[in-house]
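*Asks:* Sequence:
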Amino acid sequence: YPRFNPDPARIIEYSENIDVLPPIKVNQHNILIDGYHRWKAHETAKKTEIPCEVVQTESEQELLMMAVSLNATHGLQLSPKEKRTYAIKWWNVLPIEDILKSLSISQSTFDTYTKDKRKQYEKELNERVRELYMQCWTEQAIADEVEIDQSVVNRKIVDIMQSAEIGDLHNFDKNAPLDLKVYKLWQFQSATNTVKHFGNIPPEIIDNLLYYFTKPFDVIFDPFGGCGSTIDVCKKRNRRYYVSDLNPIPARVDIRKHDITDGLPNDLPVPDFVFLDPPYWKQAEGKYSDDDTDLANIDLDEFLRQIRGIAKSVKRKWRERKSGYLAIIIGEYKDNGKIIDLPMLCYDEIKQFLPLVCRYQVPYSTQVHGGAFVKMAKDKKECLYINRDLMVFGYGV
DNA sequence: CATGTATGTCCCGCGGGTGA
DNA sequence: TCACCCGCGGGACATACATG
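Note that the first sequence covers residues 6 to 402 in the working numbering.
Quick caveat, the hints were computed from the structure, so don't treat them as lab data. A hint or two may mislead.
Pairs of lysine-lysine residues, derived as DSS-like cross-links and limited to a Cα-Cα distance of at most 30 Å, are as follows [said to hold, decoys possible]:
no. : residue 1 : residue 2
1   : Lys339    : Lys380
2   : Lys220    : Lys320
3   : Lys343    : Lys322
4   : Lys30     : Lys45
5   : Lys320    : Lys186
6   : Lys30     : Lys86
7   : Lys356    : Lys385
8   : Lys343    : Lys383
9   : Lys356    : Lys327
10  : Lys343    : Lys189
11  : Lys124    : Lys86
12  : Lys189    : Lys30
13  : Lys262    : Lys189
14  : Lys356    : Lys189
15  : Lys386    : Lys189
16  : Lys240    : Lys220
17  : Lys241    : Lys189
18  : Lys161    : Lys94
19  : Lys317    : Lys220
20  : Lys220    : Lys262
Using the sequences and the accompanying hints, generate a full structural model.
*Replies:* Following this line, the structure appears as structure tokens:
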């Protein structure tokens with residue numbers, strides 16, 4: 006029943022004239038549609054029977070509609086407040102003509118009732134478009150998702166970029182503090198990401214890379230997404246991101262599932278910045294997955310071949326425009342006491358396609374060598390590595 | 001050639017204003 | 001609150017353009 010506040014005086018008035026009241030209206034399940042006051046009047050007059058008209062209703066919605074429209078045309082009209090509530094509730098759910106008719110209000114009244122709701126809806130729509138655009142969805146895919154035309158999406162995106170560029174381009178530090186590194190030694194406190202995932206790196210590394218090598222709305226590609234810290238930083242810094250992983254963790258729906266050993270994803274836009282934080286060879290064996298195609302589980306030659314393949318296909322993407330950066334963070338690896346200089350080996354592969362731009366030292370924030378291993382190293386007169394190399398290849402714009 | 005993006009044009013509907 | 005008018009923004013559609 007649609008009315009919020011019944012009128013007691015009306016009930017008493019009706020109860021004194023029980024015999025002349027028209028029948029009330031219920032549906033097939035004895036749900037009251039029309040005649041609440043008449044019904045209450047019968048109760049007040051201690052009657053056990055009441056004349057009824059039974060109608061069929063298909064849905065909850067139809068039932069409510071019928072109740073409201075009957076109410077609006079006779080007896081006590083719904084108050085404007087009640088009408089407003091129903092107008093807002095039905096907007097974008099029912100055809101406008103039906104709403105206008107049931108509430109017996111004009112288009113302009115309906116418009117003023119629903120103004121706030123429509124504004125809110127528009128705002129949410131734009132936010133959703135922006136979100137999907139930042140996740141590197143194509144305009145057509147966004148259009149399908151939010152059920153508007155591609156051209157509309159295109160114009161919305163132009164708006165978004167124009168309105169954002171003023172502040173964000175030059176004030177990197179505006180929204181969130183940046184732990185900026187001015188020397189080529191990038192040491193940070195610890196990995197702060199709360200989601201536990203082996204091999205996750207401090208997000209400050211990506212933050213600094215974005216500062217030095219990218220601008221707002223650049224496309225950042227991270228095929229070893231892990232726990233998604235790249236996404237968090239990109240969101241903060243207004244960068245578009247395409248983050249994938251062989252086995253995305255369920256908690257992060259915005260990490261795409263993709264096996265980078267199959268090549269670059271075919272829906273990847275031309276990236277401006279590629280970030281590689283690969284699980285390297287047997288150091289992390291089995292810690293990511295048992296999948297044979299996981300880079301953590303393959304042998305050294307195959308690992309290097311994959312790195313080479315990524316560099317090659319990334320360069321192909323940049324064939325036309327000759328701009329973009331590829332960064333890789335990687336440390337040495339010890340195999341039965343024998344040191345494998347992975348950074349050098351990776352450098353050898355990547356430099357065949359892209360020139361080295363810059364190289365940083367990134368110390369591990371946690372203890373990486375056990376006591377026994379340190380002793381063994383001392384005995385064998387060997388020094389132990391304690392940092393990763395962060396190498397940036399590519400071309401400036 | 002296929003896919004994705006931008007643009008020109010038409011037109012609906014919304015907002016705002018006014019008077020009843 | 002409603003009817004009416006009017007101006008304009010934004011959405012739909014078709015199509016041109018860009019890119020790999």
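*Asks:* Which numbered hints turn out to be false for this structure?
*Replies:* 3, 7, 12, 13
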